[in-house]
Amino acid sequence: MKEPIIKLNKIIKNYNNIKVLNEVSFNVYQNEFVTLLGPSGCGKTTTLRIIGGFENVYEGSVFFESENINNIPPYKRQINTVFQNYALFPHMNVFENIAFGLKIKKTNPNIIEKKVSKILSLVGLGKFEKREIDSLSGGQQQRIAIARALVNEPKVLLLDEPLGALDLKLRKDMQVELKNIQKTLGITFIYVTHDQEEALTMSDRIIVMKSGNIQQVGSPINIYNEPVNSFVADFIGESNIISGIMKDDYHVSFLGKDFKCVDYGFKKMEKVNIVIRPEDIEIVEKDSGLINGKVKSLVFKGVHYEIIVVSKSFEFLIQSTKSSKVGSTVSLDFNPDDIHVMREISYE
Amino acid sequence: MNRKSKYLAFPYSIWMLIFILFPLFLIFLYSITMRNPNDIKTITFTFENFAKFFNPIYINVLIRSISIAGFSTLICLIIGYPVAYLLTKTSDKNKGLLILLFILPMWMNMLLRTYAWMTILGNTGLINSLLNILNLPNINLLYNNSAVILGMVYNFLPFMVFPIYTVLNKMDVSLIEAADDLGANGVTIFRKVIFPLSLPGVISGIIMVFMPAVSTFVIPRLLGGGKNVLIGNLIEKLFLVTRDWNFGAALSMIILFIIFISIKILNMLKIDKESGVSL
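Chains as they are written, first to last, in the numbering used here: chain A, 1 to 348; chain B, 1001 to 1279.
One thing to keep in mind: the hints can contain errors.
As the list claims (entries may be wrong) - To give an idea of the interface, some chain A residues facing chain B are shown, with a C-beta separation under 7 Å as derived from the structure:
| hint | residue |
| --- | --- |
| 1 | Phe83 |
| 2 | Ala87 |
| 3 | Ile104 |
Hints in this document: simulated from the structure, not taken from any laboratory. For clarity, every value in this text was computed on a predicted model and none was experimentally measured. Ideal Cβ positions, reconstructed from N, Cα and C, are used throughout, including at glycine.
Please work from the sequences and hints to get the whole structure.
Next comes the structure, spelled out in structure tokens:
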């Protein structure tokens, strides 16, 4: 296998004796778009700052192209960062901001000019060179921040929730644009976000984190379809999480009924969590499905209806394009491979 | 601003009118009038008070005042900037203590603080006594320009440190990290990011030190021994000794004008538009 461009080996980080990263290890390969995904406080930004060199590690090592960079200061790393608040220099105009890194490297002024105007047109802000930073909108500042990092042709670009401050429409546009930029330039992106949809849209691989621990690493499809535990299942998309008991291989019991499933390898009678995605449940006529329930509410969401069906005091969330009558008794149907069985984890 | 809060400024408006604008107007009136020795009731308007100023003696006094104040301001800046910078770097616990140590002398009367220097620098003062014990010759430390500059720097240094400290302290750390990220080492970060962004504080500090330094009369009188008269002493003498209020008022107006112009020029240099520190 190829050598990873970034390798984290058992990183431990403490803040005032509180462990914020607990033996975090992962590899990032050339040209990959990797996303660190998790709720706030999960350690994803700290991990990014360790790769950027802004935080030191308590234990473990960071490798860049097989070289330990634990003690290399940020200005000597071939890594650039797009900061969450953009961190554009307010006393410089757009050109000076973008040219900052090149000027420090004593690049020829003619080349600087060419590179700046090229990168500006790449981010869709051609002819913005002379503009002052505070005359730009949030979205434009965002692009300048990306341009300022990219113009240095880093081997790895770190992005810390760069789209957090933008409105929904702009965010969606920028997601596609960022992905295109990454493909065009062939630069490795390490991206931090708490927005699962953003992670699913852009990433080649997603690293899901929780309280300083990596929960799962995998492709977006893999993570969505095969979450390793109920935390990942709940965090990536909406889920129905039901506690149950694994009676035998391919045999699970929950809500007082036995169901066939495709999971195996659990201990007999082990307590498990069962995850069923809302879009995998079909509402059928009473008694013709697997389990009966009463329709509690129906909300129109545009593409689909969001329906809550109560069955044995458990509220199923169901996404369906078909409407149901509130108060009526229906039956729920789902396939054995829509039942995802995972080991129980405790929530702190 | 709503109607009600407008009234809250009313007492201050009155205060300003009575104690600032009206006296200022009186000074202005004095500066453009002349006393008639034979008849107190008639007032003659004249520019003679201002014309009188354009005499090499007075011009020299003004130039000396400006250069001594300017030099003191420069020293305050050279000492004050690193101090302010180090203050932002110290831990929160020590920060409070250091700031307190800086403010503490300001709780004492300025006259007292200046007198204290006299007893340190004087011929029978602390330093010369020490020299005597060591059988070294006495040196004249008091009653010269250096003593005046020392007094000004000592008294006005906090006014330089605090505006710079305020600006440095609220500077966005991510800007420094961004510069670091883009390949700038410590020196370059300071030169290209920290210093330019701290200029509003530097300018406020310069104004806050230069203004009192150019017009003070206590420090040059006590530490300069009145040998080299500064403009502040001149005005004091004109009002209290010579009783030539009209000329004194004219000189005051000239200083006012000079300070006004220097603030205008300095504010033009101000690059950061959003910084709250300004006069």
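Here's how the hints hold up against the structure:
{"no.": "1", "hint": "Phe83", "result": "5 Å, holds"}
{"no.": "2", "hint": "Ala87", "result": "4 Å, holds"}
{"no.": "3", "hint": "Ile104", "result": "5 Å, holds"}
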